[in-house]
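Below, each chain spelled out in residue letters.
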Amino acid sequence: MASIDPTKIKTIKEISRKEIPFALARQPESSRLFIGGSDFKLLEIDPLAEKPEPQEIGGHESYVTGVGLAGGYVISGGYDGRLMWWNAQTREHVRTVEAHAKWIRSVRASADGTLIASVADDMVARLWDAQTGEKIHELRGHAEQTPHHYPSMLYACAFSPDSRQLATADRTGRVVVWDAESGKELTAVEAPEMYTWDPKQRRHSIGGPRSLAFSPDGKLLAVGGMGQVGNIDHLGGQARLEVFDWQSGERTHEFAVGSFKGLVERLAFHPGGDWLLGAGGDNGGFLIFFDLDKKKILHETKAPMHVHDFALSESCDTLFAVGHNRIVVWEMKE
Amino acid sequence: MPPLTRRSFLAAAGATAAAADMTALNVLKSPLLAGELKRQEKRVILLWLAGGASQLETWDPKPGRPTGGPFRAIPTSVAGIHISELMPKMAERMGTTAIIRSLNTRDGSHGSGAELMHLGRRNEASVKYPDMGAVIARELGRAESQVPDYVSFYTSTEGRGNAVGTSGFLGARYQPMFLTTNTTPENLRRLESLSDVDHHARAEMRRLLSQRFARDRRGSALASHNEAYQRVRGLMASEKLFDVEQEPQAMRDKYGPTQFGEQVLVARRLSEAGVPFVKVGRAWWDSHGQNFETHLELVTELDHVMSALLDDLAERGLLENTLVVTLSEFGRTPRINASLGRDHFASAWSATLSGCGVKVGSVYGKSDEDGQTVVDGEIGAGEFFATVYQALGIDHQKEYYLGDRPLPLTDPGTEPVREVLA
Chain A
1 MASIDPTKIK
11 TIKEISRKEI
21 PFALARQPES
31 SRLFIGGSDF
41 KLLEIDPLAE
51 KPEPQEIGGH
61 ESYVTGVGLA
71 GGYVISGGYD
81 GRLMWWNAQT
91 REHVRTVEAH
101 AKWIRSVRAS
111 ADGTLIASVA
121 DDMVARLWDA
131 QTGEKIHELR
141 GHAEQTPHHY
151 PSMLYACAFS
161 PDSRQLATAD
171 RTGRVVVWDA
181 ESGKELTAVE
191 APEMYTWDPK
201 QRRHSIGGPR
211 SLAFSPDGKL
221 LAVGGMGQVG
231 NIDHLGGQAR
241 LEVFDWQSGE
251 RTHEFAVGSF
261 KGLVERLAFH
271 PGGDWLLGAG
281 GDNGGFLIFF
291 DLDKKKILHE
301 TKAPMHVHDF
311 ALSESCDTLF
321 AVGHNRIVVW
331 EMKE
Chain B
1001 MPPLTRRSFL
1011 AAAGATAAAA
1021 DMTALNVLKS
1031 PLLAGELKRQ
1041 EKRVILLWLA
1051 GGASQLETWD
1061 PKPGRPTGGP
1071 FRAIPTSVAG
1081 IHISELMPKM
1091 AERMGTTAII
1101 RSLNTRDGSH
1111 GSGAELMHLG
1121 RRNEASVKYP
1131 DMGAVIAREL
1141 GRAESQVPDY
1151 VSFYTSTEGR
1161 GNAVGTSGFL
1171 GARYQPMFLT
1181 TNTTPENLRR
1191 LESLSDVDHH
1201 ARAEMRRLLS
1211 QRFARDRRGS
1221 ALASHNEAYQ
1231 RVRGLMASEK
1241 LFDVEQEPQA
1251 MRDKYGPTQF
1261 GEQVLVARRL
1271 SEAGVPFVKV
1281 GRAWWDSHGQ
1291 NFETHLELVT
1301 ELDHVMSALL
1311 DDLAERGLLE
1321 NTLVVTLSEF
1331 GRTPRINASL
1341 GRDHFASAWS
1351 ATLSGCGVKV
1361 GSVYGKSDED
1371 GQTVVDGEIG
1381 AGEFFATVYQ
1391 ALGIDHQKEY
1401 YLGDRPLPLT
1411 DPGTEPVREV
1421 LA
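So the protein sequences, as listed, match chains A and B. Numbering-wise (this note's numbering), the first sequence opens with residue 1 and increments by one. Numbering-wise (this note's numbering), the second sequence opens with residue 1001 and increments by one.
Take these hints with a grain of salt, some might be off.
What the hints assert, rightly or not - Which bits of chain B does chain A cover? Going by a derived footprint, with three or more residues having C-beta under 8 Å, they are:
1. 1146-1159
2. 1286-1299
3. 1337-1348
Don't read these hints as lab results, they were simulated from the structure. Every residue, glycine too, gets a C-beta built ideally from N, C-alpha and C.
Please construct the entire structure, taking both the sequences and the accompanying hints into account.
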């Protein structure tokens, strides 16, 4: 771990894609990626292969926006409201579940590999048995409409490292923490700065938290999005991160001073807690490493595309990311 | 531009009447035809989707194509016609509406695009044309009417300057009552310090002085000025039409709680009371970033409000005489940008006509499989305007006169889309 230095990050592979890849899951101990995108497909690709050749595993009937990997299965979720299970080795289709009435925004697997969480614009989070596909809980605690009478959206979810809690975040900035075993709401925190309602100039809204991550000790919950936006025609707000001690409800950190504008689409902690990585973008993209102990930005750099999702290698020295028309791999070794 | 209040309406009448040679305007070609039109009480409600609504997320979806975005197409009540899944209510009401999918207006600028889609043509250096609302107010309005001829709502500030109504050479008589703050006109009510008797007396005094001034003088300016003043009492009496609270709660619930819903309900009230042209501007659709989220909000609202309006008009027996139009300054690019937005696009976009005079349950024109170009039935702004006029029974080639120069309602050679007309 000590050899990792985010300031030394450099691109080692960049692959252009016609579609927009939105989500990925990485096969452990490998550079094999399962990627879902705007072509409605789930692909497998090893970007570090000499000649990376994407293999189509299967498809949805709309954008594929969530991919999880648990118990030997790849689970994809899409705007068609479906969750689909695929054998990670054979690529065979295992099952399809009509999981949500509206767009699935995110799919996450618990660290212990037993649970799958999905969140969708029906404003329900659902927990699934990763092996059987059986529904375990429906988690209802997000309003279907915004305070201004428009449809709300349930963008993000994340498991705690011990798989005991699930956090979910909606468009208005409400973040709920659930007990994964009982399905009960434990608490909620609010990040309203990430939701911009423009009542005067353009009369609609933009924003909403797009990413969540628990700290390695499970005590902190990071929420990523974008700050208030003046001209909501564009992703013109500053990239924004808020961190909460979720049990007390105290907001411990607030970062809104980075160089980049746009949405923080994905967050992940370094397993040792050395830093927190946020990535996202507007028309361009960014990577921002936050040092929570020192409450400062450790390093920030441009990405060659708006980043929608990423995965770190076990040693955290390699970063795999997907975004607008690209797959990119970085290294950050000293 | 400040909103047109009662006082500014009167001031504008005096100031601009000189530019409008009303006496030289060709009066209706056929008074009989004009009388017939007005007896039929045809009306227009224009839903102006300011900033540029996406045709791909409304009336011309391209599901499964790289440009199509994530929304599915759904079947409608008319076999063979599919629209975006964001419009399930309009899908059930497709039998009220004609879709035009082949506008190519060649102007992707908000300002000049909006001007083009308000006028149906380009202004000339020496001729300022009236917009659709002013022409329809002129053609369908009644001199003795106690209500305004042309009312325009535009509450958001973005793009408002592009959507200000203009009566052009028709003069101040056909300027819209332009509401920018809420659904009720400002300064319409008589001042409390002035009694009704005094208000009448002042009007009579003004009329006498004006008559004396007009003696031995000729010209359109005076006529326009006096005509504007004669409408003051009627405008004042129409205040309750703008009050959405006059409607039962059940009706308000049908239109929904949003400002757009309330304004469209007021538009129906005005239309029912005889206002020939009401425009409700719904801004702002300019979704360069997060196009799908923006359209999820705005199309959902449009679908609900437009459906409520069409149901309401039909239940009141008004739909066959009311033309409901959805129109923008342009559409949006098939290409999806890195902010998951769509940009300005005028090469292949859509509009709709519902109700009066159109072949409902139809689609006219076709864009290619990715929505990049029109492949069948290409039309521009002029053809669209000619179609609107003809749907209302107005001869689109009818000529006004500015001095000795004849000016047809649409540019010479322009034809309506006959396939869209009933």
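Quiz prompt | Hints not upheld, ascending by number | solution = Violated: none.
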